[in-house]
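From first to last, the protein sequence lines are chains Y and C. Numbering of the first sequence is given in our numbering, commencing with residue 52 and proceeding in unit increments. Numbering of the second sequence is given in our numbering, commencing with residue 233 and proceeding in unit increments.
Keep in mind that the hints were calculated from the coordinates and are not lab data. Since the model is a prediction, treat every value here as computed from it, not as a measurement. For glycine and all other residues, C-beta sits at the position ideal for the given N, C-alpha and C. Any given hint might turn out to be false.
Straight line, CA to CA, 25 Å or less: simulated SDA-like cross-link-like pairs of lysine to any residue [stated by the list, open to error]:
(1) C:LYS297 <-> Y:LYS115
(2) Y:LYS115 <-> C:GLY620
(3) C:LYS562 <-> Y:LEU126
(4) C:LYS456 <-> Y:LEU126
Now the in silico label distances, taken between C-beta atoms and shown as ranges [said to hold, decoys possible]:
(5) C:THR250 <-> Y:GLY73: 53 to 61 Å
(6) Y:HIS76 <-> C:ALA618: 48 to 56 Å
(7) Y:GLY61 <-> C:ALA264: 54 to 62 Å
(8) C:PRO556 <-> Y:GLY73: 32 to 40 Å
(9) Y:GLU80 <-> C:ARG635: 54 to 62 Å
(10) C:ARG364 <-> Y:PHE89: 19 to 27 Å
(11) C:ALA245 <-> Y:GLU65: 24 to 32 Å
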Amino acid sequence: MLMLTCPACGVTAEETEFAAGGEAHRRREGPGSSEEAFEAYLFARANPRGVHLERWRHAFGCGKWFHAARSTVTLEVFGTYPADLGAPPEAILAAIRARAAGGEGGR
Amino acid sequence: MRRYSLFALAREALRGHTGWGRAWGAAAPRAAYDAIIVGAGGHGLATAYYLGRNHGLRNVAVLEKGWLGGGNTGRNTTIVRSNYLQDASAAIYEKARSLFETLSQDLNFNVMFSPRGLLMLAQTEHEVRGYRRTAHANALQGVETAFIPPARVRELVPAIRLEGPRYPVLGALWQARGGTARHDAVAWGYARACAAMGMDIVENCAVTGIRVANGAVTGVETTKGPIATRRLGLVVAGHSSVLAGMAGFRLPIESLCLQALVSEPVKPCLDVVVMANTVHGYISQSDKGEMVIGGGTDGFNNYSQRGSWHHVEETLRALTETFPMLSRLKMLRQWGGIVDMTGDRSPILSTTPVDGIFVNCGWGTGGFKAIPGSGWAMAELMATGAPGPLAAAFTLNRFREGRFIDESVAAGVAH
Numbered sequence: 052m053l054m055l056t057c058p059a060c061g062v063t064a065e066e067t068e069f070a071a072g073g074e075a076h077r078r079r080e081g082p083g084s085s086e087e088a089f090e091a092y093l094f095a096r097a098n099p100r101g102v103h104l105e106r107w108r109h110a111f112g113c114g115k116w117f118h119a120a121r122s123t124v125t126l127e128v129f130g131t132y133p134a135d136l137g138a139p140p141e142a143i144l145a146a147i148r149a150r151a152a153g154g155e156g157g158r
Numbered sequence: 233m234r235r236y237s238l239f240a241l242a243r244e245a246l247r248g249h250t251g252w253g254r255a256w257g258a259a260a261p262r263a264a265y266d267a268i269i270v271g272a273g274g275h276g277l278a279t280a281y282y283l284g285r286n287h288g289l290r291n292v293a294v295l296e297k298g299w300l301g302g303g304n305t306g307r308n309t310t311i312v313r314s315n316y317l318q319d320a321s322a323a324i325y326e327k328a329r330s331l332f333e334t335l336s337q338d339l340n341f342n343v344m345f346s347p348r349g350l351l352m353l354a355q356t357e358h359e360v361r362g363y364r365r366t367a368h369a370n371a372l373q374g375v376e377t378a379f380i381p382p383a384r385v386r387e388l389v390p391a392i393r394l395e396g397p398r399y400p401v402l403g404a405l406w407q408a409r410g411g412t413a414r415h416d417a418v419a420w421g422y423a424r425a426c427a428a429m430g431m432d433i434v435e436n437c438a439v440t441g442i443r444v445a446n447g448a449v450t451g452v453e454t455t456k457g458p459i460a461t462r463r464l465g466l467v468v469a470g471h472s473s474v475l476a477g478m479a480g481f482r483l484p485i486e487s488l489c490l491q492a493l494v495s496e497p498v499k500p501c502l503d504v505v506v507m508a509n510t511v512h513g514y515i516s517q518s519d520k521g522e523m524v525i526g527g528g529t530d531g532f533n534n535y536s537q538r539g540s541w542h543h544v545e546e547t548l549r550a551l552t553e554t555f556p557m558l559s560r561l562k563m564l565r566q567w568g569g570i571v572d573m574t575g576d577r578s579p580i581l582s583t584t585p586v587d588g589i590f591v592n593c594g595w596g597t598g599g600f601k602a603i604p605g606s607g608w609a610m611a612e613l614m615a616t617g618a619p620g621p622l623a624a625a626f627t628l629n630r631f632r633e634g635r636f637i638d639e640s641v642a643a644g645v646a647h
């Protein structure tokens, strides 16, 4: 069972309190974009075997959306960060790099 | 290959069973093949089998990272049915179900297909309407199903509680020709038949790279060295995105963990398959007597084959309401498999942006039942280079064209 910390309200809880929201940092394609780009936005997913940047919602708590960096191999959570950040903060990237030096989960 | 028969059994019984050979050999990969299938699960082996049997292509290798049938083929709940809503789905799943009927004879290997009948319980008014609609659609598709009232459900499943406080049974969609098959035997039977045609099945051989030149595949890199081919089939379920990444394209797939569990073995008490889609639970009794139980997927991307406990708890909580007798059973084993989910919950059988690479994936939570039909259609796709009638609707470009085969809303999510 995953343990996540909501960066909006600060509560740490198990995953039953949260709802997974899929891949993070996808950029919406606007009017005038190519069909390929819009198809990729809607359907194509990185689905990595390794570090996954993803959206979660504190569904049975404060209700806010946020981001998490998690390994899909070891299920280790490298950290959570606010919904309005376009990329993980340096501390989380450093934790991922440190793990990458040690094994598969951080790839 | 020595054929299995009553005479072979009698002969071996008289000489201490010393004459049985290996069902398939441990092959070392050669330098090149006419076609390579990645993934020796049910779908990959069935693809290889029908490539040889239907299309005469026998210089084929099946590469497997782990052991044969050790992925989702060995981790499912063995249910076979074809009561889907959409025409394209009914066609390929019914093809598979009909192939199951003679599969033991075709492969000369007992896959223990047991068409014991399958119920999908309607536990809400919405489901009653949905299953009535499915029964009408199935009638037009030539798939024999019927919507039956609660009294008939009681006759088929005496152990059921019809008047549950939260989930009363209001009727059911009944497919008399649905049932179960022995999952391992399906993989073993196809593997033995492939080996008998001279194909190489290479276990413990992980693909680490895909060679592409001028937009066309030229071979694969593996842990047992490079192998050349012009025709590559990726049939790797939950790892499809990883293999696609090696070839430089992305798929509309997310990998999730789906769990199942079995109870301690008990005397025969349930002789049909029962699915309850409102509560995400399905149950049948194995020949050993174990109750085989499956549930819904976890919500987050996962390659670890370990799921979350609360999904198991939710499934059992709901099923014990419909089957109170389950509450006294001990659960013996629980496991997870990594399923490849598409947005419309329908599979992908398709050419790809790279010439010569074909994908067969996206079977999600319900791939086992489709194995013969999936292999049949994938073999046709790989042999001719274009999808045949069974696969035509399931190509990758359906997402760009908005041509979904929407089974996620239409047919319930449990498989």
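Honestly, which of those hints from before does the structure not fit? 1, 2, 3, 4, 6, 9, 10, 11
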